[in-house]
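Sequence lines, in order, name chains A and B.
The first sequence begins at 52 in the numbering used here and counts up by one.
The second sequence begins at 996 in the numbering used here and counts up by one.
BS3-like mimics (lysine-lysine), calculated; alpha carbons at most 25 Å apart, straight line:
| id | chain 1 | residue 1 | chain 2 | residue 2 |
| --- | --- | --- | --- | --- |
| 1 | A | Lys109 | B | Lys1224 |
| 2 | B | Lys1224 | A | Lys168 |
| 3 | A | Lys82 | A | Lys133 |
| 4 | A | Lys175 | B | Lys1224 |
In case anyone wonders, no lab produced these hints; they're calculated from the structure.
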Amino acid sequence: MINSSQEKQSKPVFLNLHNISKSFGAIEALKGINMQLFAGEVVGLMGDNGAGKSTLIKILSGNYPPTEGEMYLGGERRQFNKPVDARSNGIEVVYQDLALCDHLTAAHNVFLGREKKKRLGPLKILDNGFMFSKAGEIFAMLKSETRPRDLVKQMSGGQRQAVAIARTQLSSPELVLMDEPTAAISVRQVSEVLGLIKRLQSQGVGVLLISHRMPDIFTVCDRVVVLRRGEKVADKHISQTSQDEVTGLITGAVESA
Amino acid sequence: MTDTSLTKAIDSQTHSVWQRLYRSQPFWVTIAAIGLCIVLSWAGTNSRGEQVFFTAQNFNNVALNFSFIGIIAIGMTAVIITAGIDLSVGSVMGLSGIATGLTLSSGYGVEAGIAAGLLTALACGFVNGFLISYVGLSPFVVTLGMLSICRSLALVVSNNKMFYEFGPDEDLFVSIGGGSYFGIANSLVLMLILTIFLGFMLNFTAWGRHLYAIGSNENAATMTGVPVKAVKMSAYLFCSLTAGMSAIMIVGWMGSVTNALGMIYELRVIASAVIGGADLMGGVGSAYGALIGSFLVELIRNGLLMAGVDPYWQGTFVGLFIIFAVALEKIRSQRSR
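Could you put together the complete structure from these sequences and hints?
In structure tokens:
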């Protein structure tokens, strides 16, 4: 077990994964992963296709349970059976496909499934005014030029990312999981999204960032974890490693570090 | 960032009122309907030069004919917004009408008759909704099956007989479907109420937002905690219920019911909803669109009749209008991208 960064952290441990494994039939997607995430830390999760990154994210987000192993949140053991469980425990997810509805406005996407309602006599109706202004505040905090009343259909890739990230900010979460947020967008929009991640960090929110792009990880992350064929092969502070070493770890040229 | 610029950002929209109207299908359908009315009032005279289109008699006719279709188009719009389809509405109408007719003619009161019709419709909607939402079958196939089942059950139950004696409450029952309220036919009143109801639900409740969300991205709706299955179920229940309501109104108005009631109505209903801007791909549609769409379809039918065009041509014109409406929508959405 490698935990070179642990003693440097003075922040409390938010999430502790103990011996997490996941198999699909005969395929072992994850093998005995031990990992800690500290409060407010940005951790990069890297690995080749099929290394188990998305599987790990899906376990953390409650999309499926691990075959073996335990998850501890703030010292207490937790089990997530559905995405809402993860959310109520302070873990929000930005899915790879963003999970946005094109025909709804930015604000309605942010509040999707958590609509703010007000009473109108015996009825409960949508409080659109509140949703527009709250979404506007979140976009302002993220320093994004997204307008709450615009339909998502008309938005650029960077703005869509901002909407998906804004959605995580409704409940002041402890940890935001992001699956390849910079995979399908232009260079200018990448820096926009990296800016959003830094803004989250400055608010004290922890981020677990999956990315294929080495520069992204080295720009925003405090620590990098590398998976290879379902096993954790490295867990290092960003200042103690290099892009070359991480590339080697991903491909297997470097056994472990 | 100061307060004023934040409020400004919140209030600003990319599109002005005019741009939004330009993009809205119901707006263009309204223009088309008004235009058609003008043309018909000018052309709609008989050989002796008397006005035949702009008469109270003809307007009543149009209003009645379109309200029976329009009532179901409201329900259909809710289903189409979720990217679904309900092909069974015509048959559900037939079965509900028979259930009502049978109950009334067996000597039960009007409440029992209406309850029989509505509960029959709800039962069909429940089966549709359950198989589509919870079992995950394709809406097209499930409702196609229901189309066949309901039509056949209507035959079985009615034994191919016509019901025209509606028991002790006959007068009351006939006055519900055939009567009017301050000069407006009851079925038209019901349709207007349903339009306002659906318009309210779509714009001001979470249920409405969820219908649109499911239609645009069902996966996203599931992952963000929207009760997708229950919402889809409710859409099919609502759609079948409107078919049952329409059946009760039309049976009262006609004063009789056979198992052929509502035959191929599903096509006119779907055509109305689509012309009114409901997108079969999901995520788009409005209550007003359903109303104006069914109005335009009836106006085309009526106009052709008034103009003395052979009724055999009706289907061709309505069909052309459906294709034209969908093509127009496609062109507009491409240009505004």
